Structure formats: C-alpha cells, structure tokens
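Asker: So the sequences go chain by chain: F and D. Residues in the first sequence are numbered consecutively from 1, following the numbering used here. Residues in the second sequence are numbered consecutively from 1, following the numbering used here.
The hints are simulated quantities; they were obtained by calculation from the structure and are not laboratory data. This one's a predicted model, so the numbers in the text were calculated from it and none came from an experiment. One or more of the hints may lead you astray.
As a list, the in silico BS3-like pairs of lysine-lysine whose alpha-carbon atoms are at most 25 Å apart [said to hold, decoys possible]:
id, chain 1, residue 1, chain 2, residue 2
1, F, K75, D, K257
2, F, K247, F, K272
3, F, K266, D, K344
4, D, K417, F, K28
5, F, K266, D, K257
6, F, K101, F, K203
7, F, K265, D, K344
8, F, K275, D, K344
9, F, K234, F, K265
10, D, K117, F, K234
11, D, K27, F, K42
12, F, K101, F, K42
13, D, K153, F, K42
14, F, K255, D, K153
15, F, K101, F, K147
16, D, K153, D, K98
17, D, K37, D, K117
18, F, K92, F, K194
19, F, K272, D, K257
20, F, K265, D, K133
21, D, K181, D, K257
22, F, K3, F, K30
23, F, K101, F, K3
24, F, K265, D, K257
25, D, K133, F, K28
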Amino acid sequence: MAKIIAREEMAQGTIILNEIEAPRISQKAKPGQFVILQADEKGERVPLTMADTNPDKGTITIIYMVVGKSTARFKDLQVGDEYFALIGPLGKPTHIEKVGKVVCVGGGTGIAVLHPITRALKAAGNDVTTILGARTYDLLIMEEKMKAASTTLHICTDDGSYGHHGFVTNVLKDVLEKEKINLVVAIGPIPMMKFCSLITKEKNVPTFVSLNPIMVDGTGMCGCCRVSVGGTTKFACVDGPEFDGHKVDFDELAKRLASYLEDEKKSLEAYKNCKALKNRLD
Amino acid sequence: MPEQDPDVRRRNFEEVPLGLTPEMAMKEASRCLQCKKPACMEGCPVSVDIPGFISKIVANDFSGAISKLWERNALPAVCGRVCPQEAQCEGRCIVGKKDAPVAIGYLERFAADYERKKGTGEVPAVAQKTGKKVAVIGSGPSGLTVAGDLLLKGHDVTIFEAFHKAGGVLVYGIPEFRLPKEIVASEVAALVKMGARIETNFVVGASVTIDELFAEGYDAVYIGVGAGLPRFMNLPGENFIGIYSANEYLTRTNLMKGYLFPEYDTPIARGKNVVVLGAGNVAMDSARTAMRLGADTVKIVYRRSREEMPARAEELHHAEQEKIEFVLLTNPIRFFGDASGRLKGMECLKMELGEPDASGRRRPVPIEGSEFTIDCDLVVVSVGSNANPLLTNSTPDIALTRWGNIIGDPVTGKTSKRGVWAGGDIVTGAATVILAMGAGRAAANSMHDYLTLGW
C-alpha cells in the first residue's frame, strides 16, 4: 500500500511529483482535500493537498516542494518504494458550483493544489481565467495541465523570464478592472494569498484560499492547525483547509508556520550530515 | 510498591513504579479475605474475578492468575496501571475498612507483567467461528475491549485506527512513564494472535463510511472513537506559539516521540517556564511530561481549590513529588506574546469559592482587582474535550446529543442506527479508560446477542 508508481522531478529538482497507489482514497477524494503522509515510523506527519486523483487506476498524485528534513526524506523515495503511512481524504472538499466568471490564482506548489479545483470549476460550466506565478521560468510547474484546465491562462514571473514580468497580483488587478468576476480562488505562498485577498476585498469579490498550517493528526484532534478566521479560531484540518480569504489572519498563520524553525534547521542539518557520511562510506 | 526516586524520575521517561517482586505479590495477595460476596468485583466496571485471580497468585500460579484476568479483561497490564482503583475495586475492599485495602491494581499489574516477561505467550482460546464480521472503529480501550470480547465469542473482528499505531489514548495520550508503550503493543499483539485484524491509517468517516462498511459485508459496527476535539478557553492571545492543547502536546510527545527529537522527526517545544491549565489526570500527565522535557518550573493553574482537583490522588501525589507547583484558585484571562507571536506570559485573576454550582462543587468567583501576571513560554490547555464530528457528520442517521456526543443506550450502548453500537468518550464525554472498557463490555454482550439471535 501507498506505493509510489510514478515520480517526476520538477523545477530543477526542488519540486517532486509522486503518483501513489491509494485505491480507497482515490475513490473518495474530491478537489480541495488533503492527505497526510509519513515516510517512516520516525517521520513527521506531513499534510499535502492532492494535486490529482485517478479512481480508475486507484492512484492519487501529490506535488511537494523540498524544504526540510521530512520533504528531503520524501524526495529519497523512488518508484516502487512505499510511504509508511498515508491517510485521507481529509478536510472539506471545495464547494464547486457554476457562478459565472472565476479567476484562479496559483503560486509555487499552490498550483498543484489549484489544479483539480480549476478543472472542476471549469467542468461545472464556469469561465475560468487562471493566473500562475513563479519566481523564474525554471520554477514554474504544470503550465500545460493548467492551460487545459482553464479557459484563459496568464503566467507571471518575478524576474520577467517568462510571461508577464511581475507578480500575479498585478494581473489579478487588471482582470478585476476589466470585467465583473464572481469568484476568486487563490492558492500559494501566504503573502500571495494575503495580497490577492486584499485586492479582491476592495472590489468585493468573494475569495477563497487554501491554507497549509502545521498539523499533527489532521482529524481535528489536536488543534495544532488553528487559524483565526473572522476573529474566531478554526481548525484548518476539519473546518478547512479552504476559508474566506477576506477573513483569514494571514500574519498569524505566517508566524505559526515558523513555530519550529530552529528545530527544522537542526533536523535537516542532521539529515544532510547523515547522508553525506553514508555516501562517504559507500 | 517501590518507585523511581522523584528527583531522578522527573527528568526521565522511564516508568515511575517499579513493580512487585513475586514474593511481594504473594505476600500482598495473601491479605485477601476471599470474600463469599466480593464487594471489590461490584466496583469493577468489567467485573474481573478479583478473588479468583488473587488466589492464583497466593498459590504461586501466576499463569493461572493471568488466565483468570483475561476471562474478563483484555487489557490487564493497562488497567493495573491506570484504573482509579481507589474509587473502584480497592475502594470497596473489606480489608480496607480497617487497614490499607488489598493492592488489587498492583497485583493485576504484577500478573500481567509476569505473563508478558516470563509467561507462556498463550492467549485465551476463541469459540467456534460464527462467520459474523464486526468492524470496531477506534483502537482505544473501549474498542480493544469489544474486539477481545467478540473474538472470544467466535466473531471476526477488524479494528480501524486513524493513527499509524493501535491503542488510541493509551498510545497518544497516556505518557510512557505512566504506561510504557511496549505494554500496549503487547496487549494489542495478544488480540492479533486471537485473530483480530487491525487496519491502521484508516479514518472511518473519511476513508470509508459506516454504510459502506455494511455494504462490504460487516454485520455490526462498534464506534469507540473517543472525544477527540480539544477544548480551548477562547481567551485573547490563545494562538500564540507555545500554547498547545493537551492532545497536541501529548500526541507529539508520546505517539510521535517528540521527546526523542531529532532521532524522531516531530519536534516538541521544550518550555522553561510551563503552565498547565486544568487539574485532571491529563493535566497531570502534561505537567509531568513538561518537567521531563527539561522545564525549570511547571505550574498547574486551576480555578478551584485543591479539594476539587479531579485528578486521581496518586497522580497529584506523584506530580507534587516531582516539584510541580499547584497555583490554585487562579484563572487565566489573557496571554501575552512577543512580536514574532511567541508566548511570553499570561494574566490571571485570583478566585474565591462561592455557592455550589450545577456540578455540586463550589463555584469559583473572580476577586475584583486581583490581576497578576505569570511569566511562561509554554502553556498546555487541558480543560477537556468535546465530541469530534468527523465520523458522526458522515453518518447523519446516528442520533446525537446537543453537544454532538452519540446517544447510546445506557445499558447496551446501542445507537439509533441499526447494527451500530457506541461507547467510551464519544458517548460519555471525556472519562476514564476503565469506564470506556466497561461500556465496551456491555456493548460486546449486546452485539453478540444481535449477531447470534438476530433482532
């Protein structure tokens, strides 16, 4: 179970795709839901929103950025290897309905999360304009898939190496100026979601975002993932992960995500040293 | 019973009591009067044959003792450690009327430990297969009891567990120094040997619904998923970094082995000045864990007085021995943090006891103008749990109380949905291991009737 049957390195090896055997989860999962993965018995429980599911094949796809020890450990897993634990589908699915004109904004690995949502919104009959952002062209992922999932696609790079030169927020502003938009979905780094939400709030366009706080169990049992939404505390794992972008306290979320920064550095350092030692011995 | 020295143990995760030697056990067992109508048994939620197993210990037949225990209790090594014996079996012991009661808990623990270390490894024989399939949701004490009982009666049992390890609260909640995880693993292994199937990483309600379990061929379902939704106090600043629910604090430490970080990957904050809010057994577990994780000071902050503290006397005693301070008649009103969102302290109010409230305990009333500050970098909120709605939301035809707990028949645990029973904290709200096991026992009997007689 939880065997990796396909693996792809993207964005110069900083982002990894795994297609994983998970017959039950693939049958049940809906856009917007997440799974929790653990590489081995000593590993952390890592929540990742699914990028795709294939119920016929009985597989799910996850796409993650390699940032710390746990994702570095995930990166070591090759085709044929199994995750020690895979749990899901968790969280509330995205509410998909025909609202008319929708703008989907994605950045970094948020694009992977955005993909099934975009596809479902288009399939529901919406006109979907998608705006994707990356620091530079080499770090952009899923361009073709997102093109297929959208009615119109805009790409932005911070350094101007591809598409619009600048941030997704600039393009979002332009689109909102030009036409009446009924819904915005923004998924990506916290600053991106925060500023997209500020822009759409001015225009009064309903906006939802998908949050990625630190979690432990992912089933509502621990409260680690609590976020302030409209002044009340919500658990992202069971009340989310999607929330009204106009109400989320992004600054608090960003701080809470840094809870274990020192420990994370220590853990990654130890892992790198251990791997280096092993390579030398080999 | 001999114990680790408090000054040593407060910095390690080894078990606190060291256990009885065979000689000590036989001597203690010989104090039992072997009453014709044993009051102790009436005090036991799972009706263990207490004089029966004790007489085997007297006769130096330790394997016989464990067999007697297993007849009525699938988890003797656990119960011997975490049951509130003073309020149950030992509380009713006739010897205890004039002298210290027979140490039934220690003896139960002794028999179970002896079997685990030196025993035959034999498990109780199961009845002839009935061909009926039962799904047990949750592998905590009530689920394991249902599984054990129904296996003995010849049914096929599959236990579904959301985490990667079976045991529920015995694994994620109760700390290693109070209940070594190796013991839980061995009690679970005994059930597997008896034929139980365990599906870990399986969230019923998310991965599969109860109706789908019936469609897959299960004949009856037991829900023992625990309370599982931590309560916070809704105070300003409660989301500062360094404020944990007891569930998170204990899960990171026990299940994820955060105390062994970085050998294990899950980190746990090591507070210097720790405050635990609440005064139940879980609060004591949290406080004693914080001490073992290297805290300089650990305070229990509780709004009532010593008399009302709900933790077992033994837990309070152990905590005090380990230099946990009790700050009583004190209630937090808000938390302070620094610019990066990390907890720095909390403001509290002094309380006094007023008239009795609905619980019969004297209501704590704030003393005006008594505000004061406690510096702390870690707070563990241990004020109870509500019912987790994940499973019940996916099963709308199970009737719930207005607090979201499942309504189970008080005698049998039967729910409003045909073929579904429930017990433990999801029915009663947060309670004890043994009460959950008692509920499991009652449900298993009712389920057996349903499976064999049909209704």
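Asker: Decide, hint by hint, whether the structure agrees.
Answerer: Right, here's what the structure says about each hint:
Distance check on the hinted pair: K75(F) and K257(D) sit about 23 Å apart at the alpha-carbon level, within 25 Å; holds. Distance hint between K247(F) and K272(F) is unfulfilled; the C-alpha atoms sit about 40 Å from each other, more than 25 Å. Of the supplied pair hints, the one linking K266(F) and K344(D) holds, its CA atoms being roughly 24 Å apart against a limit of 25 Å. With a C-alpha separation of about 23 Å, the suggested pairing of K417(D) with K28(F) holds against the 25 Å cut-off.
At most 25 Å may separate the alpha-carbon atoms for a hinted pair to count; K266(F) and K257(D) meet this at roughly 17 Å. For the hint linking K101(F) to K203(F), the alpha-carbon distance of about 14 Å falls within 25 Å, and the restraint holds. Straight-line distance between C-alpha atoms of K265(F) and K344(D) comes to about 23 Å, which keeps the hinted pair within the 25 Å bound. Distance restraint check for K275(F) and K344(D): the Cα-Cα separation of roughly 38 Å exceeds the 25 Å cut-off, and the hinted pair is therefore not satisfied.
Between K234(F) and K265(F) the alpha-carbon distance is near 28 Å, which puts this suggested pair outside the 25 Å criterion. Restraint check for K117(D) and K234(F): the C-alpha separation of about 46 Å exceeds 25 Å, so the hint is violated. Annotation: proposed proximity of K27(D) to K42(F) is violated, straight-line Cα distance about 43 Å (limit 25 Å). Restraint check for K101(F) and K42(F): the C-alpha separation of about 46 Å exceeds 25 Å, so the hint is violated.
The straight-line distance between the Cα atoms of K153(D) and K42(F) is roughly 37 Å, outside the 25 Å bound, and the hint therefore fails. Proposed proximity of K255(F) and K153(D) is contradicted: the alpha carbons are some 54 Å apart, above 25 Å. Our distance criterion of 25 Å between C-alpha atoms is met by K101(F) and K147(F), whose separation comes to about 16 Å. Restraint check for K153(D) and K98(D): not satisfied, since their Cα atoms lie roughly 41 Å apart, outside the 25 Å limit.
With a CA separation close to 33 Å, the supplied pair K37(D) and K117(D) exceeds the 25 Å bound. The suggested pairing of K92(F) with K194(F) holds, with an alpha-carbon distance near 21 Å, which does not exceed 25 Å. Annotation: proposed proximity of K272(F) to K257(D) holds, straight-line Cα distance about 21 Å (limit 25 Å). This hinted pair does not check out: K265(F) and K133(D) have alpha carbons roughly 48 Å apart, beyond 25 Å.
Proximity of K181(D) to K257(D) is assessed by CA-CA distance (about 11 Å); at most 25 Å being required, the pair is judged to hold. Of the supplied pair hints, the one linking K3(F) and K30(F) holds, its CA atoms being roughly 21 Å apart against a limit of 25 Å. Simply put, K101(F) and K3(F) have alpha-carbon atoms about 39 Å apart, too far for the 25 Å limit, and the pair is violated. Our distance criterion of 25 Å between C-alpha atoms is met by K265(F) and K257(D), whose separation comes to about 18 Å.
Restraint check for K133(D) and K28(F): satisfied, since their Cα atoms lie roughly 23 Å apart, inside the 25 Å limit.
Hints 2, 8, 9, 10, 11, 12, 13, 14, 16, 17, 20, 23 from the earlier list are contradicted by this structure; the remaining hints agree with it.
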